[in-house]
Amino acid sequence: MKYTQLGRTGLKVSRLVLGTMNFGPQTNEADSHAIMDAALGAGINFFDTANVYGWGENKGRTEEIIGNWFAKGGERRDKVVLATKVYGNMAADGDAWPNHDKLSALNIRRAVDASLKRLQTDHIDIYQFHHVDRRTPFEEIWQAIDVLVQQGKILYVGSSNFPGYKIAQANEIAAHRGGTIGLVSEQCLYNLAERRAEMEVIPAAEEYGLGVIPWSPLHGGLLGGVIKKEVEGGRRASGRAADSLANTTIRAQIQAYEDLLDKHGVEPGEAALAWLLTRPGVTGPIVGPRTAEQLESAIRAVELELSDELLAGLDEIFPGPGPSPEAFAW
630 MKYTQLGRTG LKVSRLVLGT MNFGPQTNEA DSHAIMDAAL GAGINFFDTA NVYGWGENKG
690 RTEEIIGNWF AKGGERRDKV VLATKVYGNM AADGDAWPNH DKLSALNIRR AVDASLKRLQ
750 TDHIDIYQFH HVDRRTPFEE IWQAIDVLVQ QGKILYVGSS NFPGYKIAQA NEIAAHRGGT
810 IGLVSEQCLY NLAERRAEME VIPAAEEYGL GVIPWSPLHG GLLGGVIKKE VEGGRRASGR
870 AADSLANTTI RAQIQAYEDL LDKHGVEPGE AALAWLLTRP GVTGPIVGPR TAEQLESAIR
930 AVELELSDEL LAGLDEIFPG PGPSPEAFAW
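The sequence shown begins at 630 in the working numbering and counts up one residue at a time.
Don't read these hints as lab results, they were simulated from the structure. Treat the hints with care, as some may be off.
Computed Cβ-Cβ distance ranges for the label pairs, DEER-style [claimed, not checked]:
{"#": "1", "residue 1": "P950", "residue 2": "A721", "range": "13 to 21 Å"}
{"#": "2", "residue 1": "T920", "residue 2": "D707", "range": "34 to 42 Å"}
{"#": "3", "residue 1": "A875", "residue 2": "L933", "range": "41 to 49 Å"}
{"#": "4", "residue 1": "L735", "residue 2": "K858", "range": "46 to 54 Å"}
{"#": "5", "residue 1": "T633", "residue 2": "N697", "range": "42 to 50 Å"}
{"#": "6", "residue 1": "A885", "residue 2": "Q655", "range": "27 to 35 Å"}
Below, in silico cross-link-like pairs of lysine-lysine (DSS-like), each with a Cα-Cα straight-line distance of 25 Å or less [what the hints assert, rightly or not]:
{"#": "7", "residue 1": "K641", "residue 2": "K708"}
{"#": "8", "residue 1": "K795", "residue 2": "K708"}
{"#": "9", "residue 1": "K746", "residue 2": "K688"}
{"#": "10", "residue 1": "K795", "residue 2": "K701"}
{"#": "11", "residue 1": "K795", "residue 2": "K746"}
{"#": "12", "residue 1": "K631", "residue 2": "K708"}
{"#": "13", "residue 1": "K641", "residue 2": "K782"}
{"#": "14", "residue 1": "K641", "residue 2": "K631"}
{"#": "15", "residue 1": "K782", "residue 2": "K688"}
{"#": "16", "residue 1": "K701", "residue 2": "K688"}
{"#": "17", "residue 1": "K746", "residue 2": "K708"}
{"#": "18", "residue 1": "K701", "residue 2": "K746"}
{"#": "19", "residue 1": "K892", "residue 2": "K857"}
{"#": "20", "residue 1": "K858", "residue 2": "K892"}
All C-beta atoms, glycine included, are put in the ideal place defined by N, C-alpha and C.
Construct all of the structure, not just a fragment, from the sequences and the given hints.
In C-alpha cells form, the structure reads like this:
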C-alpha cells in the first residue's frame with residue numbers, strides 16, 4: 630500500500646479509503662469484519678463511515694459493526710485512521726426532533742457522543758460535516774469543535790459535499806478565530822464521468838490545504854465494466870448505472886471507455902480508481918467493497934500505472950469542464 634499526507638496535516642493515510650456504507654444494509658457483520666481485517670492486512674489504514682449509515686430504522690448500525698470489530702482488539706483501533714460524519718437526521722421514522730440533525734452546537738455535541746458509543750472508542754480521528762448547514766454560522770460550529778478537540782473526542786475536521794465557497798468561508802472564519810486548524814479534508818463526488826468538482830471544489834481544497842477524498846469513484850458502477858458484464862454474464866446494470874445506460878449518448882460513451890481499456894488490457898474499475906490517484910489534490914478514493922474480491926480489485930489499482938496514451942484517451946472520452954473561471958468565461 631502507498632501512503633500520503635492528508636492535506637496540510639502530518640497525518641499519514643493510505644491512498645485507498647475503505648468505505649463502510651454497505652456494512653449492515655448489504656454486507657452482514659461477519660463479512661464486514663472479514664473485509665476490514667483484509668483491508669488492514671493490505672495496509673489500508675483509512676476507514677470512513679457516517680452516523681446515518683445503516684439507513685432507515687437501522688441508522689447507526691454501520692458504526693456499531695465497526696465498534697464491534699474494534700472491540701476484538703489486536704491493535705485494530707490503534708492502526709486505523711477513523712473518519713465518521715455528522716449532519717443527518719438520526720430518527721428511524723424520518724421525523725427529527727428539533728436540534729437532532731444538522732450542525733448546531735447542540736447536535737454536534739450529542740452526535741459525537743452517540744458515535745463514540747457506537748464505535749466503542751474514546752476519539753474520532755476525522756469528524757466530517759456530511760453536508761453544508763446554511764442556517765448555522767461557522768462561528769458556532771467552530772466553537773463546538775474547539776470544545777470537542779480540547780476534550781480529546783476529535784482530532785481533525787473535514788467536510789463532505791461542500792461547494793468551493795463554503796470551504797473558503799469555513800477556513801477563513803477558522804483562521805480569523807485563531808486556534809482552530811479548520812477543515813483538513815473534503816469528501817466530494819468525483820470520478821471520470823463526473824468532473825465538475827475540478828471547477829471550484831478541488832481548487833479551493835488545494836488552496837486551503839485540504840485532502841480531497843472522492844466518493845463514488847465508479848459512479849454507481851457505471852465505470853466498472855457494466856456493458857462487458859452485461860454481454861458476458863447476462864448481469865444487467867441496476868440503480869444509477871442502469872438509469873444512465875438508458876441514455877444512448879451515455880451508453881455510447883461507456884462503450885468507448887470499455888473498448889479503450891480492453892485495447893490496453895486494463896480492467897475498467899481498476900482504471901477508474903487509478904485515474905483518480907493521478908489527479909492533483911486527491912488523497913485517495915473511497916472504495917466500498919461488498920465482497921473480499923471487490924476489495925482485492927481496488928487494491929490492485931494502487932499499483933496500476935496508466936500510460937500517457939491511455940490518460941489522453943480517457944480525457945477524450947470524458948473531457949473535464951476546465952478551470953474556473955475560464956470554463957464559463959472568456
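Hint by hint, here is what the structure shows:
In this structure, P950 and A721 break the distance hint of 13 to 21 Å, their C-beta atoms being roughly 40 Å apart. For the hinted restraint 34 to 42 Å between T920 and D707, the CB-CB distance of approximately 27 Å leaves it violated. Between A875 and L933 the beta carbon distance is about 30 Å. The supplied range of 41 to 49 Å is therefore violated. Separation of L735 from K858 is about 47 Å and conforms to the stated range, judged on CB atoms against 46 to 54 Å.
The given range of 42 to 50 Å is broken by T633 and N697, whose C-beta atoms sit roughly 30 Å from each other. Checked against the hint of 27 to 35 Å, the C-beta distance between A885 and Q655 comes to roughly 30 Å, which is consistent with it. Between K641 and K708 the CA atoms are separated by roughly 11 Å; this keeps the pair inside 25 Å, and the hint holds. As the CA atoms of K795 and K708 are separated by approximately 32 Å, the hinted pair breaks the 25 Å bound.
Straight-line distance between C-alpha atoms of K746 and K688 comes to about 14 Å, which keeps the hinted pair within the 25 Å bound. Distance restraint check for K795 and K701: the Cα-Cα separation of roughly 39 Å exceeds the 25 Å cut-off, and the hinted pair is therefore not satisfied. Distance restraint check for K795 and K746: the Cα-Cα separation of roughly 30 Å exceeds the 25 Å cut-off, and the hinted pair is therefore not satisfied. With a CA separation close to 15 Å, the supplied pair K631 and K708 stays within the 25 Å bound.
Restraint check for K641 and K782: the C-alpha separation of about 20 Å stays at or below 25 Å, so the hint holds. As the CA atoms of K641 and K631 are separated by approximately 10 Å, the hinted pair is consistent with the 25 Å bound. For the hint linking K782 to K688, the alpha-carbon distance of about 21 Å falls within 25 Å, and the restraint holds. Pair hint K701 plus K688 holds up; C-alpha atoms about 22 Å apart against a cutoff of 25 Å.
In summary, the hint linking K746 to K708 is supported, as the alpha carbons are separated by about 19 Å, within the 25 Å threshold. About 16 Å separates the Cα atoms of K701 and K746, which keeps this hinted pair within 25 Å; it holds. Pair hint K892 plus K857 holds up; C-alpha atoms about 13 Å apart against a cutoff of 25 Å. The straight-line distance between the Cα atoms of K858 and K892 is roughly 17 Å, inside the 25 Å bound, and the hint therefore holds.
Checked against the numbered hints given earlier, the structure breaks hints 1, 2, 3, 5, 8, 10, 11 and satisfies all the rest.
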